[in-house]
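**Student:** Sequence:
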Amino acid sequence: MNFFYYIFFAFFFIACAANDQEDVELNAPASESIDVPAVSLDKAVRKSFVAKVFTNGKLSTVNEIPMAFQRQGLIEDISVKNGMQVKSGQLLASLKNDQQKLDLRQARLELDESKVELNDQLITQGGKRGDTSSISEEVFAFIKLRSGYTRALLSVQKAELELSKTYLYAPVDGIVANLSINSHGPVLADKPFCILLDRRSILVQCSILETELDAVRTGQSVKIEPVGRAGQIYDGVVCEINPIVSPQGLIEVTLRVVRHDAWLLPGMNVRVSIEKRINNEIVIPKGAVVDRAGRKVVFAYEEHRAKWRYVKVGHENDREVTIQAGLTHGESIIVSGNLNLANDAKVEVRQKLMEH
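Going by the numbering used here, the first residue of the sequence shown is number 349, and it counts up by one from there.
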C-alpha cells in the first residue's frame, strides 16, 4: 500500500514543477523574442537634380538617295561597289547605248544639212551667207523654220537627252549602298540601282515617353552608345522633337551625332542617354522608394520608428529620384532595410545620416 502512495506523490510534484515553468514562460517580456529591424538612414534634400532619359534608337543619314536610271536597258558597266565613297558628279554606272549614240549622230547630220539649206535661204532673202544679222529677225525666224533648222536642232537636243539617260551620276558626295545588280543585267526605269548615303550628318531616330518630354529640349546634349560597340560613347544633340504623341504614348525625337566616324552605319542600333539639370527639387536615394499596393511609399524615421509616407515621384536617374509631394527638406528617411517594414514599426539604426 505504501508503494502506491510514493508513486502518487511523485507524479504530483512533477506536475506542479511543469506548471511553474509554463507560468515563467508566459510572464517573460515579449520584447525579448522580437527582432528589431536594422535600417540605414539618409535625408531628403532640396537641390539641383540631373534628370536622365534612357531610350534606344537607330542610326540614319540626312539623305538616303535612291539612285535609278531614267530608262530601262542592259547594264554596260558598273564603276562602283558597296561601301565605296564617291564624289558629286562621279559616274556610277552606264547602260548599253549604241542605239542612242547612233540616233545622236543622225540628228547631228540632219542639223548640218539644215544649216546648208539655211545659208541658201539667207542668200535668197537678200542676206549674206553665214551672216544672220544681214536680215531682220522676223525673216531669220522664217528661214529657220523653212530650212528645217529648228526641227533638226530639237532632234539633236532630244538625242542628247536620251543618251544622257544611259549614264548614272552621283548628285552629291556619299557612300554607295544596296547595290545588287550585276554587269550586263537588265534594269527597269525608276527601279533603284543603289542607294547613295549622304554622310555629312549622322542622325539617330528614337522615341521617348510623353512623361519624359519635360526633360528633353532641342539643343540639349546627349550621349550615344552603339549596341555593337559597348563603351564607345559619341556626343550628340537633340535637333528635332515631333510634336505628336502616338497611340502608345511615345514621341519621336531626332538626334544628331556631333562627331561621327566610319564605324557608325545607317540602321545600327544605339543606346541613348539624355541629361537635363533641374533646380530646386526634393531629392532622395532611389532605394528609399518602395511599392505598397501599387503606390509609392517612403518610410520616414521618427524617434526610432518607421513612419509610412505616400509620395509622388517626379524625375529619376540611375541613383536618385525627385519627390513632388509627401516629403519635406531635411526629413530623415530609411534607405535600406525598408522592404518589409510596416507603419510605426520600431527600427534600429545601423548607419549614421549622410551629410549633404
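Calculated from the structure, these hints are not laboratory results. Ideal Cβ placement from N, Cα and C applies to all residues, glycine included. There could be a bad hint or two in this list.
[Claimed, not checked] Quick list of in silico lysine-lysine cross-link-like pairs, DSS-like style, CA-CA up to 30 angstroms:
#, residue 1, residue 2
1, Lys644, Lys400
2, Lys449, Lys634
3, Lys435, Lys513
4, Lys406, Lys395
5, Lys444, Lys400
6, Lys395, Lys634
7, Lys391, Lys624
8, Lys571, Lys634
9, Lys513, Lys391
10, Lys406, Lys449
11, Lys624, Lys406
12, Lys634, Lys655
13, Lys694, Lys391
14, Lys429, Lys492
15, Lys506, Lys435
16, Lys391, Lys406
17, Lys435, Lys400
18, Lys571, Lys444
19, Lys571, Lys624
20, Lys539, Lys429
21, Lys444, Lys492
22, Lys395, Lys655
23, Lys395, Lys571
24, Lys694, Lys655
25, Lys429, Lys449
26, Lys539, Lys513
27, Lys400, Lys624
28, Lys429, Lys660
29, Lys406, Lys571
30, Lys449, Lys391
31, Lys400, Lys694
32, Lys400, Lys539
33, Lys644, Lys660
34, Lys391, Lys655
35, Lys395, Lys435
36, Lys634, Lys644
[To be verified] Here are the simulated distance ranges between beta carbons:
#, residue 1, residue 2, range
37, Asp562, Glu651, 34 to 44 angstroms
38, Asn627, Lys406, 45 to 55 angstroms
39, Asn617, Gly597, 19 to 29 angstroms
40, His677, Val606, 21 to 31 angstroms
**Student:** Checking one constraint from the list: CA of lysine 539 to CA of lysine 429, max 30 angstroms. Satisfied?
**Tutor:** holds (18 angstroms)
**Student:** For lysine 539 and lysine 513, compute the direct alpha-carbon distance and say whether it is at most 30 angstroms.
**Tutor:** holds (14 angstroms)
**Student:** Need the status of pair lysine 406, lysine 571: alpha-carbon distance at most 30 angstroms?
**Tutor:** holds (14 angstroms)
**Student:** Tell me if the straight-line CA distance from lysine 571 to lysine 444 falls inside 30 angstroms.
**Tutor:** Outside the cut-off at roughly 49 angstroms; violated.
**Student:** Taking 30 angstroms as the top limit, are the C-alpha atoms of lysine 571 and lysine 634 close enough?
**Tutor:** holds (22 angstroms)
**Student:** Are lysine 429 and lysine 492 close enough, with their CA atoms no more than 30 angstroms apart?
**Tutor:** With Cα atoms ~48 angstroms apart, lysine 429 and lysine 492 exceed 30 angstroms; violated.
**Student:** Quick check: does the Cβ-Cβ distance between asparagine 627 and lysine 406 fall within 45 to 55 angstroms?
**Tutor:** Given range 45 to 55 angstroms: violated, Cβ gap about 34 angstroms.
**Student:** Below or equal to 30 angstroms on CA atoms is what counts here, so check lysine 694 against lysine 655.
**Tutor:** holds (10 angstroms)
**Student:** Mind checking the hinted window 21 to 31 angstroms against the Cβ distance between histidine 677 and valine 606?
**Tutor:** violated (38 angstroms)
**Student:** Taken at face value, is the distance from the CA of lysine 513 to the CA of lysine 435 at most 30 angstroms?
**Tutor:** Measuring from Cα to Cα gives roughly 19 angstroms; hence the hint holds.
**Student:** With a cut-off of 30 angstroms on the C-alpha distance, tell me whether lysine 406 and lysine 449 pass.
**Tutor:** violated (46 angstroms)
**Student:** For the pair supplied as a hint, lysine 571 and lysine 624, confirm whether the alpha-carbon distance does not exceed 30 angstroms.
**Tutor:** Given that 30 angstroms is the threshold and the Cα spacing comes to 12 angstroms, the pair holds.
Checked against the numbered hints above, the structure breaks hints 2, 4, 5, 9, 10, 14, 16, 17, 18, 21, 28, 30, 31, 32, 35, 38, 40 and satisfies the rest.
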